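J.: Those protein sequence lines, which keep their order, are chains A and B. Residue numbers are given in my numbering: position 115 of the first sequence equals residue 97, and the series is strictly consecutive. Residue numbers are given in my numbering: position 64 of the second sequence equals residue 46, and the series is strictly consecutive.
By construction, these hints were calculated from the structure, which means they are not laboratory data. Any given hint could turn out to be false.
If several chains are the same, the list does not tell them apart, and a pair holds so long as it fits within one copy or across any two.
Below 25 Å or equal to it, Euclidean Cα-Cα: the simulated BS3-like pairs (lysine-lysine) are [stated by the list, open to error]:
hint, residue 1, residue 2
1, Lys166, Lys79
2, Lys79, Lys(-15)
3, Lys(-8), Lys108
4, Lys23, Lys108
5, Lys(-8), Lys23
6, Lys(-15), Lys166
7, Lys45, Lys150
8, Lys133, Lys45
9, Lys150, Lys79
10, Lys108, Lys150
11, Lys150, Lys23
12, Lys(-8), Lys150
On a predicted model such as this, the values are computed, not experimentally measured, just so you know.
Number of protein chains: 2
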Amino acid sequence: MAKIQVFGHKSPDTDTIASAMAAADLLAQQGLDTEAVAQGKPNQETQYALDHFGLQTLPIIDKATTEEVVLVDHNEAAQSVDNLAEVTVYGIYDHHKFNFQNATPLYITAKPWGSVSTILYYEYLKAGLTIPAKIAGMLVSGLISDTLLLKSPTTTDVDRAALPELAKMAGIDDVDAYGLAMLKAGTDLSSKSDED
Amino acid sequence: MAKIQVFGHKSPDTDTIASAMAAADLLAQQGLDTEAVAQGKPNQETQYALDHFGLQTLPIIDKATTEEVVLVDHNEAAQSVDNLAEVTVYGIYDHHKFNFQNATPLYITAKPWGSVSTILYYEYLKAGLTIPAKIAGMLVSGLISDTLLLKSPTTTDVDRAALPELAKMAGIDDVDAYGLAMLKAGTDLSSKSDED
Ligand SMILES: [Mn+2]
Ligand SMILES: [Mn+2]
Ligand SMILES: [Mn+2]
Ligand SMILES: [Mn+2]
């Protein structure tokens, strides 16, 4: 089976990194050969989350090097790898407006929810699969980042329900304290991307 | 709560009619106020299925008359209602290549499977909801129509697994006999659309 690269948008934010990791793991648990990668270095907020859960940064790509790819947290070509038109999009997990065209039927799971991290939490659940604790930690982080600790107007009831469940799986006792520390880490060096 | 019209592509085929009915029912069971409609009269094959299960034809529209809509079995504006750009797409269920853009986050469930009828069968299942027998009958019909009784190259293992389950729910004893009779009804007057 050929490998499938899984990646989020350019100028990666925490939701993009978390959902690339989670989608690659979810699809691997379902039998695909996946590799989570990123279109750039983690920002300070994401680096805080990676350090907290003892995770390495993702390999950085500027072009996809597999024939099939999975897009997370974006669907527009402008936010994707430069050679998107030359590869086949196997699937998309996203929560943005759409501007996507391709030549072949594909998997798309899109929901108007606060984060792709939230969407992936429910995808694991519906598939009856276990979320590894470190990946749950990254999904907590992606959810908190995109919804500003459930305070953003994009926050939905689904996000509010997912956060405590994910925090439990990640072994986070005080999710507010963790979230504030993570968001603060992202503002320290004003290196936070202005994309969600 | 405002009503949401649910419809498939122009020149409706059996999968389009079946999935409009099923998506409208599934979303209604989840609390939305939906109305299944169609962009044209049923073809002879679809009419055979409707008659077999004692169902009325869907109301025919040429423009959406609700502010929000759900698209089934298509996603391209050219195959949709003329005023698509003036309404909000709440969600899409589809199995075709994509060419879609919009201005707001939305629900999309797309899979590269043989029919949208198959996709909706699994959506009911994952949601833990019951498929009414007549709607199961239409989903059997949509699946058989798009896959030519599981013989088309677009047929997947998922379609093969769904067909006997749906037939059971629909109370169809001999699904091959039903399928052949339905497909034959569609060829009698060469009125079958050449879209899948
Ligand atoms: Mn996001
Ligand atoms: Mn993002
Ligand atoms: Mn179809
Ligand atoms: Mn069709």
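J.: Broken hints, numbered, in rising order?
T.: The structure breaks hints 1, 3, 4, 6, 7, 8, 9, 11, 12; every other hint is satisfied.
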